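S.K.: Residue numbers (my numbering), protein chains in the order written: chain Z, 1 to 106; chain D, 1 to 106.
I should point out that these hints are in silico values taken from the structure, not numbers from a laboratory. In this text the structure is predicted, and so the values were computed from the model without any measurement. Each hint should be verified, as a subset may be incorrect.
Since the list gives no way to pick one copy over another, a pair counts as held whenever it fits inside one copy or between any two copies.
[Said to hold, decoys possible] Derived DSSO-like pairs: lysine-lysine, alpha-carbon spacing no greater than 30 Å straight-line:
1. 61 <-> 5
2. 85 <-> 66
3. 8 <-> 85
4. 61 <-> 85
5. 66 <-> 8
Single-letter residue listing:
Protein chains: 2
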Amino acid sequence: MDADKVFKALGDPTRRRLLDLLCEQNGQTLSQLCENLDMARQSATQHLDLLEAANLVSTVKRGREKLHFINPVPLHEVYERWVRKFERQRLSLLHDLKQELEGEDQ
Amino acid sequence: MDADKVFKALGDPTRRRLLDLLCEQNGQTLSQLCENLDMARQSATQHLDLLEAANLVSTVKRGREKLHFINPVPLHEVYERWVRKFERQRLSLLHDLKQELEGEDQ
DNA sequence: TTGACATGCAGGTATTTACCTGCATATTAT
DNA sequence: ATAATATGCAGGTAAATACCTGCATGTCAA
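Go ahead and model the full structure; you've got the sequences and the hints to work with.
M.R.: If you want it as C-alpha cells, here you go:
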C-alpha cells in the first residue's frame, strides 16, 4: 500500500465526494458519477484515475460503460498504521487530564 | 472542525513527518523539528502554519522559542465522521465474501 | 448501418503549492 | 553592550494540480 497516494487522493474534496457517492451506491458508471459533480467529465476521470492509483477504487468495463467500485481496504490500513498511533496519544492526554482533575479535588 | 483543512494538511509527507516527530516528543521547538527535516527553516514554518490552521498543532511562545504541541482531536473527528462509514462497508464486504465462500463449499 | 451514447486521449491554462533567499526583529548569554 | 540564537516576514520561482476544450474511438439500438 502506498500511504502517500492514499493521503494525496483524500486531500481533494472532489475525490472525497466521489468516494461518498460510491459509498451510497457502489458500481456507478462515469456518467452517473458526473451527474453529481458540476465539472467536465474529463476532469472527473482524472480524479477517478488518482483514486484508482491509490487503490481506493476499482473499475470494470461493461460494454461501453465503466463501472466504479469502492475499495475500503487502503483506508483501513492507513488508519491502522498511522492514525491509531495518534489515537493512543489522544487517550493518554485524556487520561492525564483526568488525573489532573482528580488531583485538584483533593 | 474544517475537515478539508485536516485532509489537505495530511496530504503532504513533510507534514505527516512533523506530526510523527511531535508524537515521539511533544512540545518541540521549530529548530528542533528542523533538525529532522532537510529543508530550510522557513519552509518548515509554512508546513507548521498549515498544521496549526487545521488545528492539528498548537503552539506556545516561551521566550524566543516557539513550542509545538500535537492535537490529535481533529484526527479523531475525521475518523469518526468520515472514515468509519467506509469501515462499515469494509466489514460488510468481508461478510459478503464469507457468505460467498460458504456458499461455494456446498 | 447509422445515429446516439459512453468513454478515451491529447493538449492548453490558471491557480496552488512547496520550496528558496534575504533581511528584520526579538530574546538570551557572555 | 554585544554577539549568538530563535524566529518572523516578504518576496520570488519551479513544479504540481485542477480545471478546461476539441477530437477520436468503441458500443449499443433503431
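S.K.: With reference to the structure, classify each hint as holding or not holding.
M.R.: Right, here's what the structure says about each hint:
1. Taking the closest pair of Cα atoms, residue 61 and residue 5 come within 30 Å of each other only inside a single copy of the chain (24 Å); across copies the shortest separation is 35 Å, beyond that limit.
2. Taking the closest pair of Cα atoms, residue 85 and residue 66 come within 30 Å of each other only across two copies (24 Å); inside a single copy the shortest separation is 38 Å, beyond that limit.
3. In this assembly of identical chains, residue 8 and residue 85 lie within 30 Å of each other by CA distance both inside one copy and across copies; the values are 20 Å within and 19 Å between.
4. Proximity of residue 61 and residue 85 under a CA criterion of 30 Å is satisfied inter-copy only: 27 Å between copies versus 39 Å inside one chain copy.
5. For the identical chains of this complex, residue 66 and residue 8 are neighbours both inside a copy (24 Å) and across copies (29 Å), given an alpha-carbon limit of 30 Å.
In summary, this structure violates none of the numbered hints.
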